[in-house]
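Undergrad: Respectively, the protein sequence lines represent chains D and S. By this note's numbering, the letter at position 56 of the first sequence is numbered 56, and the numbering carries on one by one without gaps. By this note's numbering, the letter at position 9 of the second sequence is numbered 432, and the numbering carries on one by one without gaps.
Incorrect hints may appear among the rest.
[Said to hold, decoys possible] Here are the simulated lysine to aspartate or glutamate pairs, EDC-like style, with alpha carbons at most 20 angstroms apart:
| hint | chain 1 | residue 1 | chain 2 | residue 2 |
| --- | --- | --- | --- | --- |
| 1 | D | 121 | S | 479 |
| 2 | S | 607 | D | 135 |
| 3 | S | 682 | D | 135 |
| 4 | S | 569 | D | 357 |
| 5 | D | 121 | S | 646 |
| 6 | S | 690 | S | 660 |
| 7 | S | 492 | S | 467 |
| 8 | D | 368 | D | 353 |
| 9 | D | 121 | S | 679 |
| 10 | S | 607 | D | 356 |
| 11 | S | 690 | D | 357 |
| 12 | S | 682 | S | 467 |
| 13 | D | 368 | S | 646 |
| 14 | D | 121 | S | 480 |
| 15 | D | 375 | S | 503 |
| 16 | S | 569 | D | 353 |
| 17 | S | 569 | D | 135 |
Source of the hints: derived by calculation from the structure; they are not laboratory data.
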Amino acid sequence: MSDAISLLWPPFLVALCLIGIHAYFGIQVLARKVIFVDLALAQIAALGATVAFMLGHPTQAPATYGYSLAFTLLAALLLAFTRAWSSRVPQEALIGVIYVVAAAAAILLIDRAPQGAEHLKQILTGNILTSGVSELFSIVPLYLAIGLLHFGLRHRLSTAGQRSWLWEFVFYATFGVVVTSSVALAGVLLVFSFLIIPAAIGVLYADTLLRQLALGWSVGALASAAGLAASFALDLPTGAAMVCTFGVTLALAGMARPFLRGQAVPALKRAGMVARCGLAFVLAVSALQLMLAPRADQPLIDAFEYAFPALRTAYLNAGEAAVYGDAKLYAERYAREAEQLNVTEMRSRSQGEALDDAAVGRISSFLKSYGEMRKGEEFVMAEVRGRARERLRWPLAAAMLMAGVALVPGVASLFSSRRIRGM
Amino acid sequence: LCCGVVAAGVALASASLAQERLRVVTTTTDLRSLVEAVGGYRVDVTNIVPANVDAEEYQPKPSDAIRLKNTRVVVRVGLDYDLWFDRLLAQAALAQAGAHGIWRGGAGYVDASAAIAVLDIRGASVGPSDGHAHGSGNPHHWLDPKNADIITGNILEALARVDPEHGAYYEANRIAFLRRIEAKIGEWTAKLAPLQSRAMIAYHNDWAYFARRFRLNFAGFIEQRPGVPPSPAHLAELIRIMREQNVRSIVRQPFEPEKDARFLAEKTGATIVVLAGSVGGLPAAADYISLFDANVEALLAAQQSR
């Protein structure tokens, strides 16, 4: 446990700092309807760093940061000027174009440099788990300064009314500076989640900026803690686990909304209707798949068998069950013995008596044979199951279809559910 | 007279053609160095993946397909290490009719891993995987200098098949090279003896063959599956292993990310040792033999710096 805490508190602090500024920027970004602008700015900054790298500057050098900053400011200028570039094509299209062109240009550049690809990857895929307190010393003052600047200019930077391009430039430039440093710390995916999800939950439930921020910050802190804990407990890569936790948080927040608004009963009814129709649809498609291609994958039946292994013995006859059980036993035995050989060989590399080349060659070919034999047994298992399913496909599919029809609340209520959804 | 001049011209041209060097393309720099050792002045070798680029994630360029034009022999690492090479060969076969010699099974096609005793075979990866996503075993087989015996044997076979006239020359080259390697293996083993069984950590499981030959102990890897960052539980486990077994070195290749290795180094006081996994990975690793020289020196330097 102490291991967990000593490993996880620095990334948690980093997450809190990042959420602190990104939730605010997220609210602004949502209001401006430029959702993917952070990806474009991060990619532009990475392009700048790549140019610096090509010119021979090391990754951490001030010159590299200078190039990144210069590229980001140019992109900010472009974004500020093109806010209303056309009433026909939304600005989001331009943002997407900036993103792909910057990414492609960086690939073209690094193609000329050894190690370039790794360099670029490191700029865009920071790992929050190995970010430490030392990195906070450089970002916290920066974020505080930008936060204060925005507080001072809050009337100018607000999205209400006519906005001058100068203040738009200030917005995008400061945002670019923030994103450049945060992406290097936590990676593109996580920074996008920090930006959009707390802000979206805040906007969903609160009306004033202060309340939206407070809500976004608290939800973000909770989701970060949950994501980090899940990542430790379930042995998952930290950034990806946090992103998924944030996604689940947003889904929960969205689902909780009708309950908090006192519309629980109609919402539940609608959800039940959707769930029943969805389930009926899945059952019907599975039945059709079983009838037309009984040997192909049957995800629904497989899932049921995985959850209730007894189900399999129900549809295999005695002979089939015996063959299946045998094959399973042998497959497991081969896997175990192969693993044991692997462990023996690995130990012998540095401990005890060294195995000579002939012995290692023998182990290697044994392992290959074990692999083949196991594949053979697994083929037998699939074949037995496939044959049984083929034999029973008509009654099984009919039962599934009937269950599906039983789930549909009748044609009349099906129509009414459509009307409710359409409203 | 006219006919005589033409005949003489044709004879001269074919003589110079015969003297032209054999074009060989390899996927990696290591194989290039080994082909040079066997082929000597008779071969003109180029490698596709530049030094210090991760060959497993290489994306071929149009110029690579053009490079295969008029190539008589191709040499690949095998064991799913350079899977992209199949598509490149298919492209070359589409572009030119005579490319069948370098097609899989052709006279000029060499899979360097043929007959190698492959380590870390984990079949359909059902067991606990230890570093590689490959079902066909750990592909870094050239990092055991003794495997040069088998790899150069595979190369010799193809060169002699395509250019039988110089078969004896290739064979003599190979024997001389293997003698040099044999002497060097003795030297490297002696130098690395103090490091034997001393636990180390590596960024990725690139070093199985190297570790077996020189009896080094890699107790763990930072990146267990290619492209997936380590989980906190895995990092905690590594830190525990490093403290328990008193791990003093973290090995990484120049193209592997530094951040996670530095994190562990700061937590445990270990030092990061940069080793070349391929020829050209470090400035000193200019060919197959100096690759091991450079790595042995780097490991010893890290050992002595404490």
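Undergrad: Confirm or reject each hint.
TA: Now for the hints, and whether the structure bears them out:
For a cut-off of 20 angstroms, the pair hint linking residue 121/D to residue 479/S stands: about 15 angstroms separates their Cα positions. For the proposed pair residue 607/S and residue 135/D, the alpha carbon gap of about 45 angstroms is over 20 angstroms, so the pair is violated. With a CA separation close to 12 angstroms, the supplied pair residue 682/S and residue 135/D stays within the 20 angstroms bound. Taking the CA atoms of residue 569/S and residue 357/D, the gap is near 10 angstroms; set against the 20 angstroms cutoff, the hint holds.
This hinted pair checks out: residue 121/D and residue 646/S have alpha carbons roughly 15 angstroms apart, not beyond 20 angstroms. Restraint check for residue 690/S and residue 660/S: satisfied, since their Cα atoms lie roughly 13 angstroms apart, inside the 20 angstroms limit. Restraint check for residue 492/S and residue 467/S: the C-alpha separation of about 13 angstroms stays at or below 20 angstroms, so the hint holds. Restraint check for residue 368/D and residue 353/D: not satisfied, since their Cα atoms lie roughly 24 angstroms apart, outside the 20 angstroms limit.
Only pairs whose Cα atoms come within 20 angstroms are accepted, and residue 121/D paired with residue 679/S is accepted, the gap being roughly 10 angstroms. The hinted pair formed by residue 607/S and residue 356/D meets the criterion: a straight-line CA distance of about 19 angstroms does not exceed 20 angstroms. Between the alpha carbons of residue 690/S and residue 357/D the distance comes to roughly 38 angstroms, so the proposed pair goes past 20 angstroms and is violated. For a cut-off of 20 angstroms, the pair hint linking residue 682/S to residue 467/S is broken: about 40 angstroms separates their Cα positions.
With a C-alpha separation of about 25 angstroms, the suggested pair residue 368/D and residue 646/S falls outside the 20 angstroms cut-off, and the hint is violated. This hinted pair checks out: residue 121/D and residue 480/S have alpha carbons roughly 13 angstroms apart, not beyond 20 angstroms. Among the hinted pairs, residue 375/D with residue 503/S is consistent with the structure: their alpha-carbon atoms are about 19 angstroms apart, no more than 20 angstroms. A distance of roughly 19 angstroms separates the Cα atoms of residue 569/S and residue 353/D; the hinted pair therefore holds under the 20 angstroms criterion.
Between the alpha carbons of residue 569/S and residue 135/D the distance comes to roughly 45 angstroms, so the proposed pair goes past 20 angstroms and is violated.
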